[in-house]
Amino acid sequence: MELKLSTNIVSQVDVARMVRELKSLEDFFIATKVRPAGSSLQLPKLTRLLEQVAKENNYNLLEEEHRKALSQQLDMVLGNAPLLHISFAAEPSPGALEKILVWFRTNIHPQALLQVGLQPSIAAGCVVRTPNKVFDMSLREHLNDQQKFLAQLIDVADKKYK
Amino acid sequence: MNVGGLVLVIGCILSATAAFIWLAMRLGPGSDNSKAKQLTDDLQKTADTDVEHIFNNEFREELRNRGRLHFEKIIGENAMFLQQDLRQTTSQLNDYMRAEITRTLQEEFKKYEQSIVDAKQLALDSIEKTITTIEQQRALLEQQLLTQSESQKAHIVQSFEKEMTGIVNHYVLRAIGNQIDLSDQLEYILAELESNKTAILEDIKRGA
Numbered sequence: 001m002e003l004k005l006s007t008n009i010v011s012q013v014d015v016a017r018m019v020r021e022l023k024s025l026e027d028f029f030i031a032t033k034v035r036p037a038g039s040s041l042q043l044p045k046l047t048r049l050l051e052q053v054a055k056e057n058n059y060n061l062l063e064e065e066h067r068k069a070l071s072q073q074l075d076m077v078l079g080n081a082p083l084l085h086i087s088f089a090a091e092p093s094p095g096a097l098e099k100i101l102v103w104f105r106t107n108i109h110p111q112a113l114l115q116v117g118l119q120p121s122i123a124a125g126c127v128v129r130t131p132n133k134v135f136d137m138s139l140r141e142h143l144n145d146q147q148k149f150l151a152q153l154i155d156v157a158d159k160k161y162k
Numbered sequence: 001m002n003v004g005g006l007v008l009v010i011g012c013i014l015s016a017t018a019a020f021i022w023l024a025m026r027l028g029p030g031s032d033n034s035k036a037k038q039l040t041d042d043l044q045k046t047a048d049t050d051v052e053h054i055f056n057n058e059f060r061e062e063l064r065n066r067g068r069l070h071f072e073k074i075i076g077e078n079a080m081f082l083q084q085d086l087r088q089t090t091s092q093l094n095d096y097m098r099a100e101i102t103r104t105l106q107e108e109f110k111k112y113e114q115s116i117v118d119a120k121q122l123a124l125d126s127i128e129k130t131i132t133t134i135e136q137q138r139a140l141l142e143q144q145l146l147t148q149s150e151s152q153k154a155h156i157v158q159s160f161e162k163e164m165t166g167i168v169n170h171y172v173l174r175a176i177g178n179q180i181d182l183s184d185q186l187e188y189i190l191a192e193l194e195s196n197k198t199a200i201l202e203d204i205k206r207g208a
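Chains as they are written, first to last, in the working numbering: chain A, 1 to 162; chain B, 1 to 208.
To be clear about the criterion: a stretch of chain A counts as covered by chain B if any three or more of its residues have a C-beta under 8 angstroms from a C-beta of chain B, and this derived list gives those stretches:
| # | stretch |
| --- | --- |
| 1 | 82 to 91 |
| 2 | 99 to 110 |
| 3 | 129 to 136 |
Label-pair ranges, simulated between beta-carbon atoms:
| # | chain 1 | residue 1 | chain 2 | residue 2 | range |
| --- | --- | --- | --- | --- | --- |
| 4 | B | GLU187 | A | VAL34 | 51 to 59 angstroms |
| 5 | B | GLU187 | A | GLN146 | 13 to 21 angstroms |
| 6 | A | LYS4 | B | GLN158 | 51 to 59 angstroms |
| 7 | B | ILE156 | A | ASN80 | 52 to 60 angstroms |
| 8 | B | THR198 | A | TYR161 | 42 to 50 angstroms |
| 9 | B | GLN158 | A | ASP145 | 15 to 23 angstroms |
| 10 | A | VAL134 | B | ILE156 | 29 to 37 angstroms |
| 11 | A | GLN146 | B | SER183 | 22 to 30 angstroms |
| 12 | B | THR147 | A | GLU141 | 36 to 44 angstroms |
| 13 | B | ALA123 | A | TYR161 | 49 to 57 angstroms |
| 14 | B | LYS129 | A | TYR161 | 43 to 51 angstroms |
| 15 | A | PRO44 | B | GLU194 | 37 to 45 angstroms |
| 16 | A | ILE154 | B | GLU194 | 27 to 35 angstroms |
| 17 | B | GLU187 | A | ALA16 | 26 to 34 angstroms |
Computed list of lysine-lysine pairs in DSBU-like fashion (alpha-carbon distance at most 30 angstroms, straight line):
| # | chain 1 | residue 1 | chain 2 | residue 2 |
| --- | --- | --- | --- | --- |
| 18 | A | LYS160 | B | LYS153 |
| 19 | B | LYS205 | A | LYS133 |
| 20 | A | LYS4 | B | LYS197 |
| 21 | B | LYS162 | A | LYS133 |
| 22 | A | LYS99 | A | LYS133 |
Honestly, the hints are just simulated from the structure, not real lab data.
Positions of the beta carbon are idealized from the N, C-alpha and C atoms, including for glycine.
Construct the entire structure; sequences and hints are all you get.
Okay, here's the thing in structure tokens:
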């Protein structure tokens, strides 16, 4: 069964952070087993992201088996999930980025991860880079495609005013 | 007594003297040579005395005065004639000089006029040649300019069409910049993603 990724998990960095949190949680439980009686323990702080993923995938983080399974799933995501680079002209809002991420996970791959970048020169739209291709869906590219049409318009206007 | 009579008297006296001298010489020297010689001397003395008697100082003065008057008269007449001749000659000379100068001037003027006409014609020919050359050069230059102008125009139009779209794109991109919010672009982005969905899927599968 594939791991369901929350829309809050966008990039490999988020997945790697959850992996690190799981390891620190594992270390904590190992430390509790070997600790002397009566010594104080400090619980590791978990991010809401990890809790949400565990909940959505019915993992109990208090159980070792579940933690291991989740860790394995996350490793698989890191190793196998498709990574797409997407660039915008400006920093995208969380809501907009979430909608785009949902589209990718719905239409492309359920575990698709995005690496967001900035390219102010594209003005509007986005540029998506897959492992082998670049899909330029920016306004810049759209304007470049319309160059001939613009030249025709100017030519017609020029003939009209002559 | 007029001068003619006086001259006649002097001529007679001189003729008589010459006759006596000739006669004495004719008789020649001989036994009476000394006698003849004496006679001759006497005659000579007598002639001299008569001459002195006839041609005394008054007579000579009279003759001198008459000669002076006559000479003055002749001189005056001759001076008048000379003056008339001189005037006439001067007048003729003036006419001649005037005519000569006029003729020479006319000839020179004609030559000068001809020279001017020739120079004018030469200048006109030269100007015509220059005009012809200039016209040819102008036509050639005009043709060259026209060709260059057309070429430049075509080049500018081509360059304009080539660069214009880039300029417009650059202007639009600079103008709108970051002014369009991503939320407003979301529909466009999703539509574009939808249109590229198949290609993205294929590339993801191939990459995996």
